Amino acid sequence: MAGVAVSTTINGDHVEYLCQPDETLLDVLRDRLGLTGAKEGCGTGDCGACSVIVDNRLVCSCLVLGAEAEGRQIETIEGMAHGDQLHPLQQKFLEHAALQCGICTPGFLIAAKDLLEKNPSPTEEEIRFGLAGNLCRCTGYDKIVRAVQDAANVMKGA
Amino acid sequence: MRYIRPQSIEEAAGLLASAAGPAAILAGGSDLLVRMKGGFIEPELIVDIKAIAGLSEIKETADGFSIGAAVPCAVLGENAALKKAWPGVVEAAKLIGSKQVQGRCTIVGNLCNASPAADSVPALVAAGAKAVVAGPNGRRTIAVEAVPTGPGRTSLAKGEIIEAILLDKPAPNAGDAYQRFIPRTEMDIAVVSAGVNLTLDEAGAIKAARVALGAAAPTVLLVEEAAEVLVGSKLDEATLERLAKICAGACRPIDDKRGTIEFRRKVAGVLAKRVATTAYERAGGK
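Line order of the protein sequences matches chains A and C. Terminal number for the first sequence in this note's numbering: 158, no gaps in between. Terminal number for the second sequence in this note's numbering: 444, no gaps in between.
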């Protein structure tokens, strides 16, 4: 069966691929493009582990079709660090031990990045509400919230 | 399965009308992709309407607002003029799902998914919103409450697409509000909900009212008797009690693990009182 030809931009790079019409963007990223940072937790938009940014909007890539990526700008976790230079959020997640098993972490980092870009000084409540679409079954969230608060302070000072 | 992204509403309607098998419209996909994944629907054709000019815009006109079918709910919350004019509609739309879902989900999708618990629908009905339906035979404009006919069912014919939701410019001294009951603080669907839109006269008495209940019957309920009780009042305690009683009585809810019939009836009344109070304050009454 012929696929849908898609031309898009991922982490600043021009990318072309063929996908099936019912294939999700998450499956395209992971299985066709080797970008396995986004995880499939639930596959129904409840857990946020597959979060990516499409045209400056945080979305669950499991609820986007690969075919819909045509002409869009997509940011994934793979584009977050610059070479060996970690993003402040990544650095603070490490320092605060804001992860255990790590499955939710790429989604949390992308969602937190989107949050801080739109609101550089969020309150604790705004962080908790802003990240309510991301589920973590290990940390109990407190360490994640602290890491985001600390990263926000670093990024404001930068 | 075929995926097509038409450039015009006529082309989209034509594709849907001539589809041999099940066809689905894709805007945000936050219901459609979940239903596909669960095997509840296996479309032969998906028509992505996001490339159609104008469907991703909120237009402000002399008459009010036209919200395109592909506008994500997050964008409603970012539109200062819409938020000021219809705070109840915007607060309802903003309750749907997470930040991730907000970036995709649409009020037209919420309406056409036809869940009795859809958050934006009671607010739209209270606001007197209309749906512009485009189809193979042209366009028609219908009241939002005429769209859902039962859980998961709508009055739309094959080939028809809701192109936009229309909201009038609010009358002077008017205010709307929406609230739902859920057992947690976020990320849930309504057990019961209420939307109220009130217009006051110069003296602060209610001269027009619309009261809508969600998750209280197979489709959204526009409770006309509740509106009649409110008109002429200044929302005194006795009026609020009568409103609660009428709303509780108007419910035809289901009995399930999320709420019993008795609970839903009681909460419908409580919410109607609270939401009417907020709408009254927003309209400038005290």
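Because the hints were derived from the structure by calculation, they are not lab data. Keep in mind that this is a model prediction, so the values were computed, not measured. No residue lacks a Cβ here, since even glycine has one placed at the ideal position from N, Cα and C. Be aware that one or more of the hints could be misleading.
[To be verified] Pairs of lysine-lysine residues, derived as BS3-like cross-links and limited to a Cα-Cα distance of at most 30 Å, are as follows:
1) C:K208 - A:K118
2) A:K118 - C:K403
3) C:K208 - A:K143
4) C:K217 - A:K118
5) C:K252 - C:K242
6) A:K118 - C:K241
7) C:K252 - A:K156
8) A:K118 - C:K242
[Unchecked claim] Which chain A residues face chain C? A few, computed with CB under 7 Å, are given here:
9) V59
10) G79
11) A81
12) H82
13) L135
14) C138
message: Which constraints among the numbered hints does this structure fail? Numbers only, ascending.
response: 2, 3, 10, 11, 12, 13, 14
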